[in-house]
Each structure stands twice: as C-alpha cells, then as structure tokens.
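Undergrad: Here is what each chain is made of, one letter per residue.
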Amino acid sequence: MISISAVSKTYTVGTQKVRALRGVSLDINSGDFLALAGPSGSGKTTLLNLIGCIDSVTSGTITLDGETVSGLDQMKRNLVRQRKIGFIFQSYNLIPVLTARENVALALQLVKGISEKEINERVSRILAEVGLAGMEDRKPSQLSGGQQQRVSIARALVKEPPVVLADEPTANLDSKTGKEILALMRELNETHNTTFIFSTHDPMVMEHSRILVKLHDGEITGMDRR
Amino acid sequence: MNMARMAFRNVWRYRRRSLITAIAIGLGVLFTIMIDAMLFGAERESAQNIRDYETGDVKVFAPGYFAERQFLPFEFFLETHDRSLLEEAFSQSSVDAAPRTVASAELYFSEDFFKVAGSATVKLHAIEPVKEAAVFRTPHAIESGRWLVPGDTGIVVGSWLAEDIGAKVGYTVSVELKGRGGFYQTFDAEIVGIALTDNPYVNRSAVYMDLSYADELLALDGAVTEYAVVFRGGGKPAERKGQLAAEIAEAFPREASGSAGLARSAAPEIYSWEEVESDAVLLTKTKSGGSKVYLFFMFIIAAVGISNTMLMAVMERKNEIGMLRSLGYGKASIRWLFLVEGFAIGLIGTVAGTALGSIVVAFMVQYGLDFSFMLREMDAGYRITGVMRSAWHPEGMITAIVGALAISSVVAWFPSGRILKSEVADILRS
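Residue numbers (my numbering), protein chains in the order written: chain A, 1 to 226; chain B, 1 to 430.
With the rest of the complex left out, here is chain A (with noise of 0.2 Å):
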C-alpha cells in the first residue's frame, strides 16, 4: 500500500542543516493500524508529512498505491492529498467560523461530481458515526476538546480515503478522552478498512496500534506487531 524506501529529509535552518530522517524505509499495508512513535526530533512528524504529501523528500521514494508521490510537483500533490489522505491534527485545525458539518464537508467539496444533497448525507452519517449526532450545527467553540477531535477524525474519513494520517491525536485530550477517542479510531479503522498511521509519544496511542515503529534521530530503530 505504502512503500517507503530510504527516504531522508534534510532541512535548512539558518546556516544549519538539520538531517530530520536518514535514509528510512518501511512498507504499510492497506488496514494497518500503525504507530510512528519517538522522542521530540526524531523525526516521526517528518515521515508523516512525507507520507502525506505535504512535505517534499530530500532524497529516497515514497509510493502510494503504486504511484510514487515522491517527486510529484505541488499540483500533482494537491490532487494525492485530494483523493488518498486524510489528516488529524494535534490542534483539531478546524475553521472557527465554519459549523462542525461545514468543517466536514470542507474535505468533500472539493470532490468532482458530487451533488450537495449527497455531501449532506454523507456528512451527516459521518458526524453519527464519530458521535457527533445532534451536533452538527455547532461550532468549534461550542464543542469540548475531544467533540471538536471527533469533528476532525470525520473530516479526514468523510472523503473515504485509503489513508488517514494523525499527528499527535490525542496530546490536546484527556486521558478518558483520549482513550475514546483511539477506540473509535480503532473501530472506523475495523469498518473501513482505512489505513491509520499516527505520529505519537503518547504511551496509551502506542498501546492501542497493532504496528509500533520506533524512531529515533531520523532513523527507525525497531518495528513491534501486535
């Protein structure tokens, strides 16, 4: 499904370079329930960003259900992203003006023959399944913490993506709320057969993955399957 090989990205702060992954390489398969975890700079964000398609590789491939993305221009990018990826953010990055069923239906407008009738329906079926049901017309401000994470995991699902990567989903959540919150990625992840990978350090995330991959200075320094 996704096929990383030794991929490195090097950024350039000031007059320094930074080497954020070192030549890394990883095969996901469709379904799996993956954890990037590590320490701050190791490098996990990075990989996540590469694999999202919103960050360009230094050097190494990255394919996605056979394309390689790797070497595509912004353009070609957008239309990956468009199509195969959804995201979960640390800090929700909903729009504040924009109801929880707007925020949701923000991800399908940009899908090409699709009416506003059925962008309704699936938002709203979207917004029951993650819980949400009755709270459509809210805004973020009118929602908890883990509401407004359950509007972002609905977001990044509604365009039924093969992929959905999630960068620290739960550090902005309680812990009982955090908990909810990896089950019912679980369970979409069980009934969807939607690819999660997140980017964690949270113990309780690593817990919950059926694959933990251990990065440490840009390098995977071991691989656990549950």
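Careful: at least some of the hints might be erroneous.
[Claimed, not checked] Calculated lysine-lysine pairs in the BS3-like style (CA-CA distance at most 27 Å, straight line):
#	chain 1	residue 1	chain 2	residue 2
1	B	Lys331	B	Lys292
2	B	Lys318	A	Lys139
3	A	Lys214	A	Lys179
4	B	Lys421	A	Lys76
5	A	Lys117	A	Lys139
6	A	Lys84	A	Lys214
7	B	Lys131	B	Lys236
8	A	Lys84	B	Lys285
9	A	Lys84	A	Lys112
10	A	Lys117	A	Lys84
11	A	Lys179	A	Lys139
12	A	Lys112	B	Lys287
13	B	Lys421	B	Lys318
14	A	Lys17	B	Lys318
15	A	Lys76	B	Lys123
16	A	Lys84	B	Lys421
17	A	Lys139	B	Lys331
18	B	Lys285	A	Lys112
19	B	Lys178	B	Lys123
20	A	Lys76	B	Lys236
21	B	Lys236	B	Lys285
22	B	Lys318	A	Lys84
23	A	Lys17	B	Lys421
Honestly, the hints are just simulated from the structure, not real lab data.
Take the given structure of chain A and dock chain B to it, following the hints.
TA: Chain B only, in chain A's frame:
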C-alpha cells in the same frame, strides 16, 4: 460555497478590525465622491458662466485675431462687408449673434465723484445692447441702474469694480483707450448701470458701452473685433459649429479680394468657447487632475490599511491555511478566500462611503459651499463668484466604487502569496 461563506463569516469574526478597515475605505470613497462632485460642479458651472457671460457657444474673429486674443489686439477687424456676409450666414442658421468690439481701456475716476482719485485697467466691451441681451446674461444681471439702450452714451460696469473704486450709478468716469489707427481717445461717461453676475471676470473688470457710440469715438467705421454666437434649437455644439463654419465659408466665396470693388478680407474664423478660453479650460482640468492625485494617495493609504488587515488575517490563520492545503485546496482557492474577504470589507466601506457621499453631494448640490470670501479676492481660475455647488457625476461615483472594490480585492491577493509558496508542512509548522 463554503469558501465564500467562510470569507464573509471571517469578516464578522474579526469585526473590529474589519470595521476599522471598512471605515478607511469608506472615508476614501466619501471624499472621492464628494471632491469629484465638487470639482465637476465647479467645472460645469464655470464653463456655463464662461459661455453665458464671455464667449457664447462660439466666437467669430477676423483672421489673425485668435492667435493674439489674449492681448486684445486692435488691428484685426471684421469690416462692414464682412459683417453683412456674416449676418446673412447667421440668418441661415438658428443662432443669436452679437457683434462686439473688445479693447483694453483705462478707467479714471476723480475726486469730483469719488473719495479718492485713481485709475483701473478694464476690459471694455462695445456692444449692441439688444443683440447682447440675446446672447449673454450680463444685461439681465443689473444690480442697480439699467442696461444700455441703443445710442446710449453711458456705461455699465462690473459690481466688484464699482465696489473697489467706490462707484455708484450716476457717477461719471473718464475712459481712455486707443482708437482704430492708434490714436488715443478719452471720453467721459456716466455709469448708468452696475452688473452683478455669476462670473468674477465680468464683476472684476468688465465695462460695457454702446457699439454705435464707440464706433463714433474710436473711428471703427462699422467694424467690430468679434461676433459672439449662441446656438438655438439644440444639436451637438461641435456639429453646429461645423455647420456654421460651412455657412460662413459659403458666404465668403474664394474670390480675389475686391472683386466687387469692395475691401475684402479673408473668410472669418470660427472658434468654440473651449478654444477661445483654452487657458481657463486647461487650468480647470489641471486643478481637477491635481485633486485626483491627492485622492489617489488617499486610496493608497486605504489600500495599505486593507493589505495590513489581510496580512494579519493570513498570519493568524496559518493553521487554517495549512489544513485547507492538506485537504487538497489549491493556492488559487485560498487566495480567493482572502480576496473575497478583502472584497467584502471593501464592499461594506464602499456602500457606507457611497451612501454618506451621496448625502453630502445632495446637500452640496442643493446648497453648495460659500467661497465668496476667497473668490472675491483671488482668481482661482474658476468663473464662479461665491457659492460653489456640486453636481451629480455618475461617472466619478462609479470610478470611486469600482476603484475601491478593485483595490480592496487586489491588495488582499498579495499577503497570502508568500505563505502559499511554502510547503504545507512548513505552513503548519510555523
């Protein structure tokens, strides 16, 4: 759909900032509409007053006069034969025409009538009283005394001139000027009327006398320096001028001079009022252009305000931009979002500015602003004596509205440019 909704809601979300920016735009639009209407009104009224009191629609001169007209030359005349041909041509067209001889003269006033003795340089108009009244409004603007009658030996003077020298109806002044051939003529004349017109040039320095009396005193031998003509019955002035020029050309066949044993000059020349008063027209346009430069700078200031607002909006909403990009929204869509926001703020400011501007213009059209304290003492170039009235100028209003909306949108386009060049990950990280 959501993008536009999002843009409008963001305007409300940052309502204080949006309001301040909208006020800046609104003030820009308000002042633009207000000043444009004022300049347009002044320009129009000034043009009307030039035509009503100085030139008519067109003037006809003897060849050579036009180029020297600023000096009021006394050597290029329309002779009696020319006059009869011209009047025949005028009778073919639907016009009123007034023959005139205009010269520079010195007006002397002595202690017999005035508190102090002195002199003033004036512009003397020798006119046919009845025909002058058909072409110009001065005869209908007599403040005290009366207008001239044929064969009159009195004079009518402008009201400001009378005020300056302390003249009243019934007072006698001496007038000195060069007669035809270069001799000096001095004569005493009683002031029979004082004219208070809407044209400062007439009020300040015009003196009128009967043409037949002037003919006698200045040895004009029936000649005049010009005809002032107004078109009657509508039609475009430029077309009417062309038609009249053709009539005149037809009345003056290209025959060898003196073919009929008469002293013949070449065909007279016809000029529009804009050509005759080209300096005044140019001055008005220059003033108008200069004011528009100030207004342009006002818009630039408003544009910087919007740009700053949008820059702050972009910086504060990096996460939202990053999220939208991660969903697959292209740069153009996100730029469009900010453009709509800028446009919405511009629209609020423009609507408010246009509404307020219209109220101010309506007031200024009705009542105007009294600048008589300034215009009495200084020559501002406009032929307006006191109250400066605005005039509705739809073209100017549309320019202000379109300009404000375009600037609001265009300047909102740029702040998002830099951030959108970055990788999505960099936007989210920053």
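Undergrad: Look at each hint and say if it fits the structure.
TA: Here's how the hints hold up against the structure:
1. As the CA atoms of Lys331 (chain B) and Lys292 (chain B) are separated by approximately 36 Å, the hinted pair breaks the 27 Å bound.
2. For the hint linking Lys318 (chain B) to Lys139 (chain A), the alpha-carbon distance of about 19 Å falls within 27 Å, and the restraint holds.
3. Simply put, Lys214 (chain A) and Lys179 (chain A) have alpha-carbon atoms about 21 Å apart, close enough for the 27 Å limit, and the pair holds.
4. Proposed proximity of Lys421 (chain B) and Lys76 (chain A) is supported: the alpha carbons are some 15 Å apart, at most 27 Å.
5. Under the criterion of a C-alpha separation no larger than 27 Å, the hint pairing Lys117 (chain A) with Lys139 (chain A) is consistent with the structure, at around 21 Å.
6. Only pairs whose Cα atoms come within 27 Å are accepted, and Lys84 (chain A) paired with Lys214 (chain A) is accepted, the gap being roughly 25 Å.
7. For a cut-off of 27 Å, the pair hint linking Lys131 (chain B) to Lys236 (chain B) stands: about 23 Å separates their Cα positions.
8. The hinted pair formed by Lys84 (chain A) and Lys285 (chain B) fails the criterion: a straight-line CA distance of about 63 Å is larger than 27 Å.
9. Distance check on the hinted pair: Lys84 (chain A) and Lys112 (chain A) sit about 14 Å apart at the alpha-carbon level, within 27 Å; holds.
10. For the suggested pair Lys117 (chain A) and Lys84 (chain A), the alpha carbons sit about 22 Å apart, so the restraint of at most 27 Å is met.
11. The suggested pairing of Lys179 (chain A) with Lys139 (chain A) holds, with an alpha-carbon distance near 24 Å, which does not exceed 27 Å.
12. This hinted pair does not check out: Lys112 (chain A) and Lys287 (chain B) have alpha carbons roughly 56 Å apart, beyond 27 Å.
13. Pair hint Lys421 (chain B) plus Lys318 (chain B) holds up; C-alpha atoms about 13 Å apart against a cutoff of 27 Å.
14. Note on Lys17 (chain A) and Lys318 (chain B): the hinted pairing holds, with a Cα-Cα distance of about 25 Å set against a maximum of 27 Å.
15. Taken as a hint, the Lys76 (chain A) and Lys123 (chain B) pair is broken in the structure, with Cα atoms around 80 Å apart against an allowance of 27 Å.
16. The hinted pair formed by Lys84 (chain A) and Lys421 (chain B) meets the criterion: a straight-line CA distance of about 23 Å does not exceed 27 Å.
17. Between the alpha carbons of Lys139 (chain A) and Lys331 (chain B) the distance comes to roughly 26 Å, so the proposed pair stays at or under 27 Å and holds.
18. Taken as a hint, the Lys285 (chain B) and Lys112 (chain A) pair is broken in the structure, with Cα atoms around 55 Å apart against an allowance of 27 Å.
19. For the proposed pair Lys178 (chain B) and Lys123 (chain B), the alpha carbon gap of about 13 Å is at most 27 Å, so the pair holds.
20. For the given pair, Lys76 (chain A) sits about 62 Å from Lys236 (chain B) by alpha-carbon distance, which is inconsistent with the 27 Å threshold.
21. Using a Cα cut-off of 27 Å, the hinted pair Lys236 (chain B) and Lys285 (chain B) holds, with the two alpha carbons roughly 22 Å apart.
22. Using a Cα cut-off of 27 Å, the hinted pair Lys318 (chain B) and Lys84 (chain A) holds, with the two alpha carbons roughly 23 Å apart.
23. For the suggested pair Lys17 (chain A) and Lys421 (chain B), the alpha carbons sit about 21 Å apart, so the restraint of at most 27 Å is met.
Violated hints, in rising order: 1, 8, 12, 15, 18, 20; the structure is consistent with all others.
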